[in-house]
Amino acid sequence: MRFWTTAEEKAIKELYADTPMSELTSILNREVGSIHGKARTLGIKRSASFRAGQHAGRFQKGSESGVSTRFKTGCKRYANEPTSDAVKSPE
0 MRFWTTAEEK
10 AIKELYADTP
20 MSELTSILNR
30 EVGSIHGKAR
40 TLGIKRSASF
50 RAGQHAGRFQ
60 KGSESGVSTR
70 FKTGCKRYAN
80 EPTSDAVKSP
90 E
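Numbering that gives the first Met the number 0 puts the last residue of the sequence shown at 90; the count rises by one with no breaks.
Please keep in mind that the hints were generated in silico from the structure rather than gathered at the bench.
Everything numeric in this text was worked out from a predicted model, so none of it was measured.
Think of the CB as a built atom: it goes at the ideal place given N, C-alpha and C, for glycine as much as any other residue.
Keep in mind that the hints are not guaranteed to be accurate.
Have a look at the derived ranges for each label pair, beta carbon to beta carbon [unchecked claim]:
id : residue 1 : residue 2 : range
1  : S67       : E22       : 47 to 55 Å
2  : R50       : C74       : 28 to 36 Å
3  : R57       : S25       : 17 to 25 Å
4  : K71       : M20       : 21 to 29 Å
5  : R39       : A6        : 35 to 43 Å
6  : G61       : E30       : 31 to 39 Å
7  : M0        : E22       : 36 to 44 Å
8  : Q53       : S25       : 40 to 48 Å
9  : G42       : Y77       : 45 to 53 Å
10 : R69       : N28       : 50 to 58 Å
11 : G61       : T40       : 22 to 30 Å
Taking the hints into account, I'd like the entire structure generated from these sequences.
Shown next, in the form of C-alpha cells:
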C-alpha cells in the first residue's frame, strides 16, 4: 500500500469530477478502487454533467442496448417451475 502524496490529492480534487477513470488511473498510477476510495474520503463526487455523459457507464434514456436479451411480451417464464429432478416421489 502506498500513501497518497499532497500532489496526488490535489490532482484528484481537480480532476475527479469530470475526468474518465481510464485517464485518472494513468495520470495517478493508481488502481480504480484506490481512486474511488480516496475520492470518498475527500468527499468529492462526479459532476452531474459527467454522470449524464457517455463515460459514466449508465444507460441513456431511449437506449436500445440489450434489447435482444430482454424478455419479450408473452414469453413464458421457466424460473419458478420445478424441474423433473427437483420433484421427488415419497419413499
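Evaluate the given range 22 to 30 Å for the C-beta pair formed by G61 and T40.
violated (36 Å)
Is 40 to 48 Å right for how far apart the beta carbons of Q53 and S25 are?
violated (19 Å)
Is 36 to 44 Å a correct range for the gap between the Cβ atoms of M0 and E22?
Violated: the Cβ-Cβ distance is about 23 Å, outside 36 to 44 Å.
Satisfaction of the hinted span 28 to 36 Å by the C-beta atoms belonging to R50 and C74:
holds (33 Å)
Cβ-Cβ distance between R69 and N28: within 50 to 58 Å?
Violated - the Cβ-Cβ distance for R69 and N28, about 40 Å, lies outside 50 to 58 Å.
Using the beta carbons of G61 and E30, state whether their distance is inside 31 to 39 Å or not.
For E30 against G61, whose Cβ atoms are near 34 Å apart, the range 31 to 39 Å holds.
Given the hint of 47 to 55 Å, check if S67 and E22 actually sit that far apart at their C-beta atoms.
At roughly 32 Å between Cβ atoms, E22 and S67 fall outside 47 to 55 Å, so the hint is violated.
Can the suggested window of 21 to 29 Å be confirmed for the beta-carbon pair K71 and M20?
violated (35 Å)
Determine whether the Cβ-Cβ distance between R39 and A6 falls within the hinted range of 35 to 43 Å.
Since R39 and A6 have Cβ atoms about 20 Å apart, the given range 35 to 43 Å is violated.
Is it true that the C-beta distance of R57 to S25 lies inside 17 to 25 Å, as the hint says?
holds (23 Å)
Holds or violated: 45 to 53 Å for the Cβ distance of G42 and Y77?
holds (47 Å)
Against the hints set out earlier in the document, violations occur for numbers 1, 4, 5, 7, 8, 10, 11.
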